[in-house]
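Combine the two chains into a complex, taking the hints into account.
Going line by line, the protein sequences match chains A and W.
This note's numbering puts the first residue of the first sequence at 27, with every later residue one more than the last.
This note's numbering puts the first residue of the second sequence at 6, with every later residue one more than the last.
Check the hints yourself; a few may be wrong.
[Stated by the list, open to error] Heads up, simulated DSSO-like pairs for lysine-lysine below, C-alpha to C-alpha not over 30 Å straight-line:
id	chain 1	residue 1	chain 2	residue 2
1	A	K68	W	K18
2	A	K68	A	K105
3	A	K71	W	K18
4	A	K105	A	K71
[Unchecked claim] Listed below are several chain A residues computed to face chain W (Cβ distance under 7 Å; list not exhaustive):
id	residue
5	F60
6	S123
7	I125
Hints listed in this document are in silico derivations from the structure and should not be mistaken for laboratory results.
We treat Cβ as the ideally placed atom computed from N, Cα and C, and that holds for glycine.
One-letter residues, chain by chain:
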Amino acid sequence: RKEVEQDPGPFNVPEGATVAFNCTYSNSASQSFFWYRQDCRKEPKLLMSVYSSGNEDGRFTAQLNRASQYISLLIRDSKLSDSATYLCVVRTASGGSYIPTFGRGTSLIVHP
Amino acid sequence: EAGVTQSPTHLIKTRGQQATLRCSPISGHTSVYWYQQALGLGLQFLLWYDEGEERNRGNFPPRFSGRQFPNYSSELNVNALELEDSALYLCASSLTGSNQPQHFGDGTRLSIL
Numbered sequence: 027r028k029e030v031e032q033d034p035g036p037f038n039v040p041e042g043a044t045v046a047f048n049c050t051y052s053n054s055a056s057q058s059f060f061w062y063r064q065d066c067r068k069e070p071k072l073l074m075s076v077y078s079s080g081n082e083d084g085r086f087t088a089q090l091n092r093a094s095q096y097i098s099l100l101i102r103d104s105k106l107s108d109s110a111t112y113l114c115v116v117r118t119a120s121g122g123s124y125i126p127t128f129g130r131g132t133s134l135i136v137h138p
Numbered sequence: 006e007a008g009v010t011q012s013p014t015h016l017i018k019t020r021g022q023q024a025t026l027r028c029s030p031i032s033g034h035t036s037v038y039w040y041q042q043a044l045g046l047g048l049q050f051l052l053w054y055d056e057g058e059e060r061n062r063g064n065f066p067p068r069f070s071g072r073q074f075p076n077y078s079s080e081l082n083v084n085a086l087e088l089e090d091s092a093l094y095l096c097a098s099s100l101t102g103s104n105q106p107q108h109f110g111d112g113t114r115l116s117i118l
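Extracted from the complex, chain W is given alone in its bound form (with noise of 0.2 Å):
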């Protein structure tokens, strides 16, 4: 069974451009969540889809948004990046309800100059 796929593997962008970073869950799964881990700092919890709607958000600028389609693949989009969004961008898939654990992909490395 295919985990959970992203891509692309590593994205480098310039200030101010906009990335578009990709997420499919594992078969079966209608949940996916996008986070944010920068070098040296835990995982910060960034958005939440769940069949197509967002069910929660973290702490993060309107500049963060992205979906759900109807497949329960998924995107992140950060547009008018800053340097400090430099960062390990990992999704994660898991089955709807409170208590089914996550499933990480390999992440997406955007480093931004």
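Next comes chain A alone, as it looks inside the complex (with noise of 0.2 Å):
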């Protein structure tokens, strides 16, 4: 199993649409996590960090489920900008330091 997955997609979507995205991680001590989002051939942008409570920044929300070893994305009324790939990370002890490890992502698509 990989240390973290995420169903490439693409997720396709029309304009105000809702779209959720799932990430899910092996190592149950992992620490923090985020989510970035990243437009072809450039580099990845932080969207957001994830708390253990939920998170929400304007039209977004993190949730992460410790118990079930997942985080999420809830994207809602979808704007065409927001096509790109969307990539969790999940840091997680190692020697004493913990150390980051980026999920593939998921495509999003979202079309007029």
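As structure tokens, then:
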């Protein structure tokens, strides 16, 4: 089982739709969690950190489920500009430090 | 505030040569991370430096090495280049702490001919 797994998609949705992505992780000792977006041939950009109690930033909501070892990202009222690849990042203890592991990403295409 | 800067933007080398990639973190950030992203693949963790020390390294051969300077900038060195080293190399910086998010530079695209 991979350390961090994401459904690669693509998720193809119309403008205004609500879409949700999940990201599962294998190590129960994972410490911190993040969502990034990456546009084609660009660097990843931080979307939001994921907190234990869940958190929201505008149209974006992130949740953490430690019991089932997954994080989720919900996007409401999708915009054309939301089209991108969404990467989850999990930091896990290794040799006294917490190394970051990226998922392969989930591709989102929002169409008119 | 300036973001993470990487140089060069593009680098073309031949097999067997050596490449040096550079990264300047966001002011105040002491941690620098290096990643490799080959075409169509995810980000693979290479190296992590914090306060001048190597904190961890990913599953890459020893010909991938680097260092962090007293001003927290960093360089990644790749020796004996192979064709499969062709990739986008991304640098990220963060404040110290496992809960601190990383901020990425634009990357260096390394092409091996």
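For this session: Take a quick look at whether K105(A) and K71(A) sit within 30 Å of each other, Cα to Cα.
Result: 17 Å, holds
Problem set entry | Hint validity - F60(A) Cβ closer than 7 Å to any chain W Cβ | 5 Å, holds
Exercise. Is the straight-line distance between the alpha-carbon of K71(A) and that of K18(W) 30 Å or less?
Worked result: 28 Å, holds
For this session: Mind checking the CB of I125(A) against every CB in chain W and telling me if the closest is under 7 Å?
Result: This hint holds: I125(A) lies near chain W, its Cβ roughly 5 Å from the closest one there, short of 7 Å.
For this session: Grab the minimum C-beta distance from S123(A) to chain W and call the hint holds if it beats 7 Å, violated otherwise.
Result: 5 Å, holds
Exercise. Going straight from one Cα to the other, do K68(A) and K18(W) come out at no more than 30 Å?
Worked result: 22 Å, holds
Problem set entry | Straight-line alpha-carbon gap K68(A) to K105(A), limit 30 Å | Distance ~19 Å between K68(A) and K105(A) Cα, so the pair holds.
Checked against the numbered hints given earlier, this structure breaks none of them.
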